[in-house]
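The primary structure of each chain is shown beneath.
Protein chains: 8
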Amino acid sequence: MKIAEILDKYKGGELDMAEAETLIKSSSYDEMGFAKLDTQREQRSGFPEVIFCAGKPDDYLVSIYQKMVANDGCAFGTRASQEQAALVKAAVPEAVYDPVSRILKVEPAGGYKRTGAGGVVAVCSAGTADISVAEEAAQTAEYFGAEVIRVYDIGVSGIHRLLSKVDIIRSADAVVAVAGMEGALPTVLGGLVRNPVIAVPTSVGYGANFHGLSALITMINSCANGISVVNIDNGYGAGYIATQIGRLAATGR
Amino acid sequence: MKIAEILDKYKGGELDMAEAETLIKSSSYDEMGFAKLDTQREQRSGFPEVIFCAGKPDDYLVSIYQKMVANDGCAFGTRASQEQAALVKAAVPEAVYDPVSRILKVEPAGGYKRTGAGGVVAVCSAGTADISVAEEAAQTAEYFGAEVIRVYDIGVSGIHRLLSKVDIIRSADAVVAVAGMEGALPTVLGGLVRNPVIAVPTSVGYGANFHGLSALITMINSCANGISVVNIDNGYGAGYIATQIGRLAATGR
Amino acid sequence: MKIAEILDKYKGGELDMAEAETLIKSSSYDEMGFAKLDTQREQRSGFPEVIFCAGKPDDYLVSIYQKMVANDGCAFGTRASQEQAALVKAAVPEAVYDPVSRILKVEPAGGYKRTGAGGVVAVCSAGTADISVAEEAAQTAEYFGAEVIRVYDIGVSGIHRLLSKVDIIRSADAVVAVAGMEGALPTVLGGLVRNPVIAVPTSVGYGANFHGLSALITMINSCANGISVVNIDNGYGAGYIATQIGRLAATGR
Amino acid sequence: MKIAEILDKYKGGELDMAEAETLIKSSSYDEMGFAKLDTQREQRSGFPEVIFCAGKPDDYLVSIYQKMVANDGCAFGTRASQEQAALVKAAVPEAVYDPVSRILKVEPAGGYKRTGAGGVVAVCSAGTADISVAEEAAQTAEYFGAEVIRVYDIGVSGIHRLLSKVDIIRSADAVVAVAGMEGALPTVLGGLVRNPVIAVPTSVGYGANFHGLSALITMINSCANGISVVNIDNGYGAGYIATQIGRLAATGR
Amino acid sequence: MKIAEILDKYKGGELDMAEAETLIKSSSYDEMGFAKLDTQREQRSGFPEVIFCAGKPDDYLVSIYQKMVANDGCAFGTRASQEQAALVKAAVPEAVYDPVSRILKVEPAGGYKRTGAGGVVAVCSAGTADISVAEEAAQTAEYFGAEVIRVYDIGVSGIHRLLSKVDIIRSADAVVAVAGMEGALPTVLGGLVRNPVIAVPTSVGYGANFHGLSALITMINSCANGISVVNIDNGYGAGYIATQIGRLAATGR
Amino acid sequence: MKIAEILDKYKGGELDMAEAETLIKSSSYDEMGFAKLDTQREQRSGFPEVIFCAGKPDDYLVSIYQKMVANDGCAFGTRASQEQAALVKAAVPEAVYDPVSRILKVEPAGGYKRTGAGGVVAVCSAGTADISVAEEAAQTAEYFGAEVIRVYDIGVSGIHRLLSKVDIIRSADAVVAVAGMEGALPTVLGGLVRNPVIAVPTSVGYGANFHGLSALITMINSCANGISVVNIDNGYGAGYIATQIGRLAATGR
Amino acid sequence: MKIAEILDKYKGGELDMAEAETLIKSSSYDEMGFAKLDTQREQRSGFPEVIFCAGKPDDYLVSIYQKMVANDGCAFGTRASQEQAALVKAAVPEAVYDPVSRILKVEPAGGYKRTGAGGVVAVCSAGTADISVAEEAAQTAEYFGAEVIRVYDIGVSGIHRLLSKVDIIRSADAVVAVAGMEGALPTVLGGLVRNPVIAVPTSVGYGANFHGLSALITMINSCANGISVVNIDNGYGAGYIATQIGRLAATGR
Amino acid sequence: MKIAEILDKYKGGELDMAEAETLIKSSSYDEMGFAKLDTQREQRSGFPEVIFCAGKPDDYLVSIYQKMVANDGCAFGTRASQEQAALVKAAVPEAVYDPVSRILKVEPAGGYKRTGAGGVVAVCSAGTADISVAEEAAQTAEYFGAEVIRVYDIGVSGIHRLLSKVDIIRSADAVVAVAGMEGALPTVLGGLVRNPVIAVPTSVGYGANFHGLSALITMINSCANGISVVNIDNGYGAGYIATQIGRLAATGR
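Chains as they are written, first to last, in the UniProt record's numbering: chain A, 1 to 253; chain B, 1 to 253; chain C, 1 to 253; chain D, 1 to 253; chain E, 1 to 253; chain F, 1 to 253; chain G, 1 to 253; chain H, 1 to 253.
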């Protein structure tokens, strides 16, 4: 019940004051700008719920997929292991798993009906080992309705590869820049493009990379403008933000 | 000279091959999508050059202000100390200094003529001690043409303050969330708004905050969607990115 | 022998001075406010001994359970692995293992006879992945005699969930707040409740969470009042402290 | 206006639905269990507002003291510098400054009329250099209504000093244990007392103490039961929590 | 050849100048106070070579044991795994393995003939989980000729256990104090004994103990006199140093 | 009163049981092997009290010096600043200050009467910038009765300097090795001498030395035998331990 | 096509301006000093491409080896696991795997025809456990054409071993110094040789070595001249740089 | 005396055996490949001694300059403060100070007579704030005899600046790459040049740059070939190594 309804019923005598007060206090926060789980999240943020598979107990994971497919006819999960994928597929046969991005999804029957946030997102990766994270970003952006341009293996230790792709990258509304090791790609990109760069450090590397900390610190200290950073290996997060930006570009507010 | 011109002159015999080759190689990279200092930066990124005052030798700083004001009739610098402001004002009397944001600027004669990137940016701060960084973000966004909504002192240890401001924050194209200490503000905001949140950790705090590292790590690990992070105390960077996003929202691409 | 007894016997000639002096020096420290292992620990702290199973050699662990059950008719151990549980159950068939909390216990024949420390403890968790640690806290508090209110999955990135539970949380004598990733839950709770909040960082997360360090640092830097912190994943410790507080509330001193 | 009032006025026609809805949404959250600044904070937490002086601009600090004294006849601030104390005393002559604890306060005209949270708090310090932080804890607890037992200079490298004070420390409802350098005091105390120990690491030390990090980590890793930790040098926070506990002990809930 | 011999032979014409010069330059450094591998190490340091088994390739490890037993009739290795022990025992049947200390040794036929460095070493451990490291220290000291007093499970969270053992610990020439978690044992011991305390942090613990770093930092920051620290889990190193000290006490220089 | 006395008086009726019990409990712990401040510390450890001047409030520092000189005719303090030295000298004119070691002392009228712990300590430093710390170690050892051999500026980047001094260093009962920057000196010394090496990392260096952490970590990881480590810049601690060892060598136990 | 060619064809009418401009912009960057993958890398750097095997998907790795052997008749990969070696050998039977260095290579039919960069590289290791990394460096240098002098097991805790090898090490154009644990070898070598020392920290060690960080920090802080550092365990990188230097020595520029 | 001389004199009876042996042992290590201070360092390394001024006591610094100028007619010191420069110039009037590089030197009367190591070194800096460190590198290289090419302000956030300078940088025998903040310059350069790149992280930046650690870690993790790293702000070290390399290129061995 929305606050307006509660007020109406109170005025009409259907609710006494104690009932009305309780309802207002305990109502979902939609009425105050907050949302109930599931349906209201999409209303609030414009994007449907996504499943973070890693670490979820098997039973819980399977039943979430079952429930989301039952409700919505589709589901999208990240960080699924091969084993989790097998379990979910046993219960939800239409589920499809991509071992590169580790995304486990059920596409809706008639294809994505989503009108689409729109927007164009360029997903760039420094090395081939970063592609797993880059694909998580790219497929997330596609799931949320963006058009994705993939530009892989343009690490700055061979700068000519990146330079030959500048025009296509500049055409995007937002750029996701994925890099491990020394993580310098976003800085170079930041100096070449007009729109925001979302930097994703990866855990690719060894020794003093400290599982991605080196790339994270590099990106946070970037001297280029327009660069903000998400957590190590967080391709999903970067794809999400890039699509938020693309949506604004495509649709105005 | 653009590549087209060089080609023309070569064909016309004004340049021999060695001259043409040298010119192409050493030409500014505008022709390839890159820009020369100053004018071309604004062409490339849509935003004019900004002066990072901290650590600049006095002579250098003064002459940069003098040159920029001579060229453009205006200038905008961040992280200026009281001493630097005095020095610049001695040479450029129309310079104005704000000790809170530490911004030192010369506004153009007829006011900002900039057509404006447009867009609406909400700048939120957790505590009153974060306002210096928040103002750097806010004034940067204004300088680059955004409309700024300031929402200060809404730290999550008194969540009711934030909740009462949700509607106004949700109306922005991008949100800058500035917080020190435990840095939890962006996570709560990320769950309440639709558009990107740029998180700015500040060095406010003591003890195990490690000069802002605590807030930085909190923000990078945020479990909310739509949050990306800039360097500690980097209000300028967040204001820049928020305006990039606002520009996309206001103007499409 | 208590000091009083020793003095008596010395006066009565049963002990000579050397004997009496030795006895006093080497006596258990009960007389000085300290306790002997087992029985005196409960006298001293009001709580029985608990077994930290992790890393204990198999033989040692089994014999501890056997001895405690023989002495007291019950036993309570934390951080038991599936393998340890199987070993102990082979020797102590009445042992019961909960794989979520990893608690391995033998309940006393007639149920908990403990008069109970009393007190009400609210155990809150930010996400579903934190429930393992939260249950360790909850079951510890129950074992020590507190009434426990479980409030799970109220992470601050969806603040409406937490807000709808404020009244019930405020009713507790002490609040245990369990959170991983950015660890912001205790700060928001600290601003909403009247009684102490024991914050438990968990190792849940990835990338720059550094196995729980991110949440630990967040909590230590909390700007809210009334928050103190225990070690990463230390649900037991938080349950213990919350029950100490609940006992004071329930019984006065 | 409380929700009940708003409902009444709506029913009575004094408010139309839009007005009522707006009032409910934007009302202070007292009605939902939250409080407005100042008065409602004390209602919510039972403790009045305290001023964190460090880093506050001079004008702001002075006016806060003036306002709080005007409203309440008293004020209590922590981390005040000698300079800040002088400034405030110029404007608020009845302010009193303690350079050891760095507390700057105005006591109410007729002495503390507060009925008092009650409860007994023991504040222990390891070394003489920790006394500044210990006094911040002690005076905070006193301000909030607790009776304080001070036990200073009982560091564990001379364990006999601590042992001679065990009985008095055990008599408290909560123990604040303040220590720098290797920070071992809380662990030893935790094994000797029955009630909660709030551990406060201090920045006292040099070399690899990393400004208090050594003591913080020691305390977080304590193998004793009943120990929770606050930020480095956060005497205020520990005094607050200890008084929360003492209040529960003194008054029941 | 020693320098004296070379000089003699040169004078006697058995060597020409070039030969003599080369011999002096390339001679082992015994003559200058340095030693050749194996025999001279014992001459130089007074202690025989020890084998650090961890990480040694299997073939290499077996042949070292074979060679040392062939030469000396005995061998002593630390950090041997169960698998390494089996391999060595297959080749050197008289080898004996202790799975607690992970020491793999061959005792000389007629028992230790070593006259012994002498000296008395107390090896103390805080918890039962630290015993593996403590035994490495104890058995190392015994191997090098010290008499060892074992005092285990005297962690400072139950200080009465330690206090009851002070006299026996004080009787040692050197004390090895082994502790994990918060690592406070050496500080308390340092205040109670007269002779040096060698502190050994262990990796025992979890969460913010960072694999022993917490205990290491605690010990380095100890406010007690007479405490020096070795690497995490380095029982061998502490046993070695304690025996060096015991040797000085037993034999003078 | 010693326990024996208390027992006697109790038997003789001078004390009743309650009195005797209280006296025993609250008596100084001399009877149990512990000491009262000042006199008993020297009894317990064999070394007199030393003043750690840094951070001591002026009044407190001056009165400590006054009291110690009044009681013992001498005093010894470390880490005294130039300002502290001036203050103490104003009150205690016979005080002498060494700005290199920052030791502030009053020598006894007839010179050091101390019979001396005896023993020979070699204090080695890697560079000239480490001499301040080295002198703190050397003068501490001398104060406690050791004979000190100073061997300065023998850093391992010019290994010939160290090699020419090996014989003299080997003649000491204990070696203090002071080094900043990469801190390699103790490892090389450890391989050349027979007796224990106390390694003292210094904060000398810049950049990634992290105020001495680099040298500390180097020393803790030393692959040489016989090396233990004290806190950064803790010359006093190393001098103390070296003298403990020297005393054992000189006097047996 | 080189820029000169494009210009020629444009002048000759084979290309119109748009075609010429496009070709110049999109041409490989050879013409500007950059290279296309494979062939041009060797032209640019003088060294052929090398395969970093670790983490490469199996299919990708096998096809890279197949392609490189097809093109060049040889291939060289680092960090190959036993499993990867087996897979590649199944497809490329002439591949040879060295389990010590983990190098997997195909030597050209007639042996290395490479004229060779020339130069002499000394590869030194501190301990036997560092040999794996040292061999990666040595075999890399050999692959790139250097003559390699191996000097293993000369750690500085037994300095005489190193000293006896100084002349041979001094004869090299560049020195690779490989060391784990405290990492002091490069500093001592740096003081003894004339040419650059490339320091390689290894992850060998335990406890506070933090997987090689201790050695890395030691080497970065070295007080000797002529030392620069590569990543932990990066033998390949050091071998590469040493050969670059050797090439300059052997061939002039 | 050289060993040959000693042998001669011994044979000739001028020395007896004890004298000869002592002389050989205590002789400078020139004969064994080591050098005496000053003259022999230059013989050993080919480069004269340099003074690290920072932290040197005033008297010591002045007398070093006086002695070196007296001996050699010239002197070269790094990290001299303005105050130190004034002191030295008072005693050694011909000393010249450069406040940018902080180098304080006395050039020899007839100009540098040094035949010169030769070689060409390119010193590149990312930003204008890095020029102080870059100049230390450049002037060091010049002092040691290299020809220096300065290429400043070519940070990778504006990649066109760097690209226009590739040819000149590629012409050097060694490249010094100086960068703060995110430190990406060496990686991009490493992919473009043929010869070694010495990377110098600087402390330029703020927030999470941790006084240069960010740039250091970036450079250590560089994915480009040919990059080795020196300490933060260590321009001197990089200039030294680059000149070692240039010398090899110029002169062969």
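Derived from the structure by calculation, the hints contain no laboratory data. Hints may be right or wrong, so weigh each one.
With the Cβ distance kept under 7 Å, some of the chain H side facing chain B (calculated, not the full set) [said to hold, decoys possible]:
hint	residue
1	G118
2	G207
3	A208
Here are the simulated PhoX-like pairs of lysine-lysine, each with C-alpha atoms no more than 25 Å apart in a straight line [said to hold, decoys possible]:
hint	chain 1	residue 1	chain 2	residue 2
4	D	K9	A	K11
5	C	K9	F	K67
6	B	K9	G	K9
7	D	K9	A	K9
8	G	K9	G	K56
9	A	K165	H	K165
10	E	K11	H	K165
Backbone N, C-alpha and C fix where the C-beta goes; we use that ideal spot for every residue, glycine too.
How the hints compare with the structure:
1. G118: Interface hint status for H:G118: violated (28 Å vs cutoff 7 Å).
2. G207: holds (3 Å)
3. A208: holds (5 Å)
4. D:K9 to A:K11: OK: D:K9 and A:K11 at ~10 Å, within 25 Å.
5. C:K9 to F:K67: violated (44 Å)
6. B:K9 to G:K9: Between B:K9 and G:K9 the Cα gap is close to 15 Å, so the pair holds against 25 Å.
7. D:K9 to A:K9: holds (15 Å)
8. G:K9 to G:K56: Given that 25 Å is the threshold and the Cα spacing comes to 43 Å, the pair is violated.
9. A:K165 to H:K165: holds (21 Å)
10. E:K11 to H:K165: Between E:K11 and H:K165 the Cα gap is close to 67 Å, so the pair fails against 25 Å, i.e. violated.
In this structure, the hints that do not hold are numbers 1, 5, 8, 10, in rising order.
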